[in-house]
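Letter by letter, the chains look like this.
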Amino acid sequence: MSVPTHTTPETELYRRMLLLRRFEEAVGTSFARGEIPGFTHLYLGQEAVAVGVCDGLRPTDQITSTHRGHGHALAKGSDPAAIMAELYGRATGLVGGRGGSMHLYDPANGLMGTNGIVASGGGLACGAALAAVTRGTNDVAVAFMGDGATDHGATHEAMNFAAVLRLPVIFVVENNGFSEATPLAAHASRVDLASRAEAYGMVGVQVDGQDVQAVAAVAAEAIGRARSERAPTLIEAVTVRYHGHFEGDQMDYTLPAGWGAAGRDPLDVSGARMREEGVDEAWFHEVASEVEARVAAAVEFARSSAWPDATAVTDHLFATEVPR
Amino acid sequence: MNKVRVQRHTLRDAVNSAIHTALAQHDDVIVMGEDMAGGAGMSSYDETGSIGGVFAVTQGLVGRFGRGRVIDTPLAETALMGAAVGAAACGLRPIVELMFIDFLGTCLDPIMNQGSRLRYMSNGATRVPLVVRTTYGAGLAAGPHHSGSYYGMLAHLPGIKIVVPANANDARDVFAACVDDDDIVFFFENTAMYSKKVAVTEPRTLRLGEADVKRSGTDVTLVAVGAMVGPALEAAEELAGRGTDAEVIDPISVVPLDLATILSSVRRTGRLVVVDEDNPHCSIAQDIISRVTSEAFRDLRAAPVHVAPPHVPVPYGPVLESAYLPGAPDIVAAVDRVLA
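Here the protein sequences line up with chains P and X, keeping their order. For the first sequence, position 62 (counting from the first letter as 1) is numbered 62 according to my numbering, and the numbering increases by one without interruption. In my numbering, each residue carries its 1-based index in the second sequence increased by 324.
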């Protein structure tokens with residue numbers, strides 16, 4: 001088959017990555033100020049993965065995400081203001097203030113949820129893919145997960161399930177070197193995670209998770225394989241997590257020497273390439289102002305939004321009101 | 325005079341026919357699980373002769389509806405249930421089989437943390453029209469890993485509907501409502517009923533949340549769940565012979581629970597016995613007793629009694645298993661207590 005390549009200009013991918021970066025920085029600030037309650041896990045450093053993979057997806061393609069999922073939601077097309085308002089717990093939030101960081105749902109944009117349960121996305125993605133096959137939509141499903149989730153039985157079950165039923169699922173492992181605070185070599189029997197694909201008879205590929213062009217190209221190929229051959233793929237994107245596991249984690253632990261992604265910022269990798277290709281500084285300033293204004297507006301929208309009505313606490317358990 | 329030939333069927337026949345109807349009526353219904361076709365494609369089986377699951381409930385479906393809609397899955401319940409929830413959230417109406425409810429532990433997360441609360445967490449934007457067919461119940465010497473009931477465990481989780489039909493006819497009559505429902509419905513099939521032939525009755529429309537009064541009476545209210553409805557009716561017959569008129573209520577669905585019908589009966593009889601073969605602690609039966617006691621305390625003329633197995637796993641051998649499972653004599657004894 002011909003290998004599809006991504007066609008989006010790098011300027012657009014850069015703009016999207018910058019939105020993820022500035023959004024998460026703003027979340028960190030609001031969280032530190034006590035304006036965002038609960039637990040939060042930031043996607044800082046991993047932006048090229050979500051942006052590169054989602055570049056090849058349609059709104060009707062489904063993704064499952066993780067506890068570190070704001071970046072996936074943004075990259076899939078959810079409204080930054082609605083996500084921010086959700087993190088603030090407001091009525092205007094993506095799910096009306098009842099979900100928060102780890103429970104963002106946006107079916108209209110193909111977001112089957114960020115998720116508070118590690119490794120739960122693989123099975124859900126298989127189901128989305130099965131629905132696409134049954135209904136003949138030619139849509140695909142992507143299950144994002146961290147390296148920690150590859151240890152979990154649910155992930156292994158889902159990979160085998162997708163392979164044996166020939167489902168158009170792309171498993172994207174964002175290997176940032178840590179399962180919470182446990183380093184890769186201490187939690188995984190084999191650290192070349194892409195090699196696990198072989199056990200399930202699917203294509204496995206490792207990619208530089210700091211290079212959005214590389215991720216987008218690998219993803220486009222996997223998405224093409226899923227659409228045309230109903231074949232699943234495992235992509236391991238090697239990346240780096242700038243903050244601790246959660247906001248508040250002091251991260252008194254460091255990546256092992258030689259971690260390829262360390263010290264390579266996805267915005268710098270793209271920025272350098274674009275500058276070489278002649279994009280001028282004025283463009284970078286313009287994009288920075290535009291993105292910063294968008295994020296500031298999202299924060300302002302969230303802050304000024306009303307809290308949900310307390311009576312909403314019992315809404316939407318069942319399709320219709322029933323005696324319980 | 326012509327002799328009327330009574331048609332008889334089993335729970336297996338009833339559910340098989342109900343699934344046929346669901347697949348024929350809805351393009352978005354699929355059937356998925358271990359061995360749902362089973363053996364199809366092997367030289368020893370043609371498509372219609374596939375085994376159709378360990379209890380043969382799905383036999384014949386693949387021949388009529390094809391591999392695209394009758395899907396054999398790996399023995400991997402976490403992936404199966406996760407995929408079922410995901411497919412339901414993306415527009416299908418899957419009917420999946422969890423071979424025994426005892427296997428719930430191998431697939432609880434997709435049910436507990438995902439499917440049951442997707443609608444709530446998504447602020448109503450996602451529906452999960454999923455039927456999970458499963459088997460339950462002691463009585464076949466199937467031992468501690470194949471005889472449990474556990475609907476009480478599921479009832480503890482918000483967002484799951486639970487149907488426990490008492491016989492083949494009710495199973496046939498309520499199945500369509502489960503398939504049409506836009507929420508997760510667990511449909512409990514009693515293993516001991518699969519091969520038991522009963523007379524076919526006229527179809528009726530049963531709805532979730534509407535209890536069925538199986539026998540009207542004035543002296544005591546017997547609420548019995550699923551396979552315990554049979555022994556409760558037997559007990560009621562015996563009690564009638566002794567001058568006690570028992571009302572027997574079958575909730576049909578334990579979630580949603582038709583508490584109104586139970587309360588109205590207890591307000592008339594003043595006495596309540598709840599019969600349930602699920603583990604007794606923190607159970608549906610205890611919940612019914614607690615709610616009736618709170619709502620109708622002044623109408624009760626005796627403390628309610630719970631007829632249940634002991635709070636232990638289901639044992640294997642016939643002596644231990646029959647010591648475990650409640651029967652009509654236990655129910656009669658319980659009624660004697662509330663009448664004393």
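Hints were generated in silico from the structure; no laboratory data involved. Glycine included, C-beta positions come from ideal geometry on N, C-alpha and C. Incorrect hints may have been included.
To give an idea of the chain P side of the interface with chain X (calculated C-beta under 8 Å), a few residues [stated by the list, open to error]: (1) Gly122; (2) Val164; (3) His187; (4) Ser189; (5) Leu317.
Evaluated hints:
1. Of the supplied interface hints, the one on Gly122 of chain P holds, with its beta-carbon coming within about 7 Å of a beta-carbon of chain X, less than 8 Å.
2. Evaluation of the Val164 of chain P hint against chain X yields a held restraint, the C-beta minimum of about 6 Å falling below 8 Å.
3. Using the Cβ-Cβ criterion of 8 Å, the hint placing His187 of chain P at the interface with chain X is not satisfied: the shortest such distance is roughly 20 Å.
4. The interface hint given for Ser189 of chain P is broken, as the beta carbon of that residue sits about 20 Å from the closest beta carbon of chain X, more than 8 Å.
5. Interface hint at Leu317 of chain P: satisfied, since its Cβ lies 5 Å from the closest Cβ of chain X, which is below the 8 Å cut-off.
In this structure, the earlier hints numbered 3 and 4 are contradicted, and the remaining ones agree with it.
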